[in-house]
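Student: Just remember that the working numbering sits 6 ahead of the position in the sequence shown, which is counted from 1.
Possibly wrong hints are sitting among the right ones.
For lysine to any residue, the following SDA-like pairs were computed, each having C-alpha atoms within a straight-line distance of at most 20 Å [to be verified]:
| # | residue 1 | residue 2 |
| --- | --- | --- |
| 1 | 413 | 390 |
| 2 | 381 | 396 |
| 3 | 371 | 339 |
| 4 | 87 | 212 |
| 5 | 88 | 46 |
| 6 | 392 | 412 |
| 7 | 88 | 176 |
| 8 | 371 | 386 |
| 9 | 381 | 343 |
| 10 | 371 | 293 |
For the record, the hints were derived by calculation from the structure and aren't laboratory data.
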Amino acid sequence: MRTTSDPQLGATARLILQTGLMSIFMDGELLSSFLAGRASDALTAAENLDARRIEGGDLNELVGEIWERIGVEPLSFSWAKKSSGRVSEKPTAIHSSEGPPVRRMVASLELFVPYAGTRELWSKVIDGVVPMGQYPLGGVRVLDDEQLLIVFYVGDKEDREIVDDIARVEQHLNTYVGWCNERVQVWTTTVRGELHDRLERRRRIVQRGSALDDALGIPIHKRPANEQIPVPLKRMSLKVPAVSVSNGGQPDHVLEEEIYEDVVRTIDRLAVAMERTSTAFGLNEPAIRDLILVVLNANYDGQAVGEAFNADGKTDILLRWQGRVAFIGECKFWAGPQSLTDAVDQLLSYITWRDTKAALVVFIKDRKDVGAIIKSAKTTMESHPKCEGVDPARTEWDSCTRYILRKPDDDDRKISVALILVRLYAGK
């Protein structure tokens, strides 16, 4: 907190000019430490860039992209555009060695000066700059709307004295901003060069790897078939044959068992892949839903749509065939047995008379007792009033169990629901 003497209040009194706002170039982190942290962030961003972008992209553009997010812009201020409020009296704390602080009405003038550049620079202590005597910029603060607030004590000063005070602060601002920007400019040149060198080094590594692959002629190692998420060269077509019904009713349509099992297995394999990927832990339900849709659309000619309407609710995943729903799915995060019961009820509310195949994908983020959660989920599913039990014709694989449920409005109609439990890995 910066103070100044007030001759009208006695030689030992101190006047508090301004409180609660950020002072400039004092009492903060060293500028060199701040810049070192930004440099580390920029180089880390260069290491994390996708190798394909580095191999085929313009390195200068990539440097510019990183700089736009992490770089530091020099400071500047527009003294010619300054504005002021009227001289006014404000209650101000007066500290004295002769007793406790007292509040007095003190006349002051406020100037507002617009600035540009990285705001954090104002709060950094410039390396090697040690002000002698009273700090000349003690009355300058930084506001949140890209303005500097400069407070001048008026008291009984003559107009010429106040004008001189204002000119003196402008001079000191120019000096301190100049010192700050000199260091920022040197840092900018150095770090941008290091960024370019880092990207160029990564490009050479990527190109060397590609050239080595071509020279060796050794095929790329593939994961075991049960860990792959197949994206066929030719999409599988959805076949939804009509099934005749008695009493002259309209024919019902059902998704072929082969296709349904393939759809569920595809989602299950994706779940296994997500369990091995720590970044999946941070995805929300819509993001995970979109990822599943990408894989399904790559595998089937049927139209997969997100957030589509069906019956009296809004579903996460639909696979359509000729305007009819062939497959319906819902994505949820585990939040206890009741959350699963609610999810089943929600899924059943989407089912229309033409729907006979469905899936419920439940993502588990809990780090402890995952086995107990999986057991609880299966028990909850089997105890649902509409569940007849595990599908006896189908065995479990990986994270999936098939169940037979009755439709809400017709106990004679059965639906197959695949419960897919996905454990998301949070990483270290």
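Student: Each hint: holds or not?
Tutor: Checked hints:
1. 413 - 390: Within the cut-off at roughly 12 Å; holds.
2. 381 - 396: Since the Cα atoms of residue 381 and residue 396 sit roughly 14 Å apart, the hinted pair holds (cutoff 20 Å).
3. 371 - 339: holds (8 Å)
4. 87 - 212: violated (51 Å)
5. 88 - 46: violated (37 Å)
6. 392 - 412: holds (5 Å)
7. 88 - 176: holds (11 Å)
8. 371 - 386: Distance ~18 Å between residue 371 and residue 386 Cα, so the pair holds.
9. 381 - 343: Status holds; Cα separation ~10 Å.
10. 371 - 293: With a Cα-Cα distance of about 15 Å, the restraint between residue 371 and residue 293 holds, given a limit of 20 Å.
The earlier numbered hints that this structure contradicts are 4, 5.
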